[in-house]
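Trainee: Taken in sequence, the protein lines are chains S and Y.
With the first letter of the first sequence counted as 1, position 88 gets the number 88 in the working numbering; the numbers rise by one all the way through.
With the first letter of the second sequence counted as 1, position 4 gets the number 1004 in the working numbering; the numbers rise by one all the way through.
Any given hint could be a false lead.
Taking beta-carbon pairs under 8 Å as the criterion, some of the chain S residues facing chain Y (in silico) [to be verified]:
| no. | residue |
| --- | --- |
| 1 | S3 |
| 2 | A13 |
| 3 | L15 |
| 4 | G52 |
| 5 | H57 |
| 6 | Y61 |
| 7 | K64 |
| 8 | A68 |
| 9 | L71 |
| 10 | A80 |
| 11 | G91 |
| 12 | Y104 |
| 13 | I128 |
| 14 | L136 |
Don't read these hints as lab results, they were simulated from the structure.
A virtual CB, placed ideally from N, CA and C, is assigned to each residue, including glycine.
So you can see what is in the structure, the chains are spelled out below.
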Amino acid sequence: MNSKSSLFGAFIAGLLFAIGLGISGMTQPSKVSGFLDVFGNWDPSLMFVMVGAIGIHFLAYRVKQRQARPLWDVAFQMPAKTQIDRPLVLGAAVFGIGWAMGGYCPGPALVSVMTGRWEALLFVASMIAGMFCYQLVHQRDELESTSESPGIL
Amino acid sequence: MAIVNFTPVAATIGGLLIGISASLVLLGHGRIAGISGIVGQILHREQADRHYRLAFLSGLFAGGLLLAWSYPQVFGVNSSRSSLWIVASGLIVGYGSRLGNGCTSGHGVCGISRMSIRSIVATMTFMFTAMVATFFLRHVVGQV
């Protein structure tokens, strides 16, 4: 849980994640826009990011299903919700628009902060503010439906 | 429609690293490696196991620093967007990712790998709106 190897493992995971994002092109807003510009000059590269990632993670999930518990914790904490509901679709729809507008999604934005670029810093600050806004508006709902929140690291 | 700037090898290698990272989180910590969730939960401030998230984020930032030092070209060039535009984008991404309970990593990578119908729907939805928004911005409004 709080063991040194567990925390080190989390650190390494973050490190690999960041390097993966960088190599993949996700930290380049212009490449994201190119990927999303399906009707124009299309850059399909980022599709391969998801293919590569899912390719590995799908196998990891199969392994996970045969485990009683993860390496560094007592139990798996997966999202419990299974129904498609309005917040999911609305949230995803809105997220997509913001992603297209800014060219950043959360991971690449955080990684880009380390360059000191004002764009990345401003985006992340705004993103955190947006998350806070959600929390303020939906605080009551979130406390009631805790089924999904423990699943996120 | 023309295909430009195609970099499938780099994209796949990057994707594999992301997949390995998410797999480490899953098999090591038993959780979904969803970045919006990690950040969102830290803002919650009540979770007992926030040390994981802080450790993960530290690694993420360390990786960013490494890239900034050795391969700054992966961050591209500055766009011509106004501050107001960037703020609006960030607010929307922040709000939307929490409302939808995930983003490209949580839903797109982890959720689809689990064959979660919620994540498949979420991913298709944000891909669709992102592509429509891009079409509108690039080809209707004429934004570069």
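Trainee: To test your reading of the hints: which numbers does this structure violate?
Mentor: 1, 8, 10 and 14
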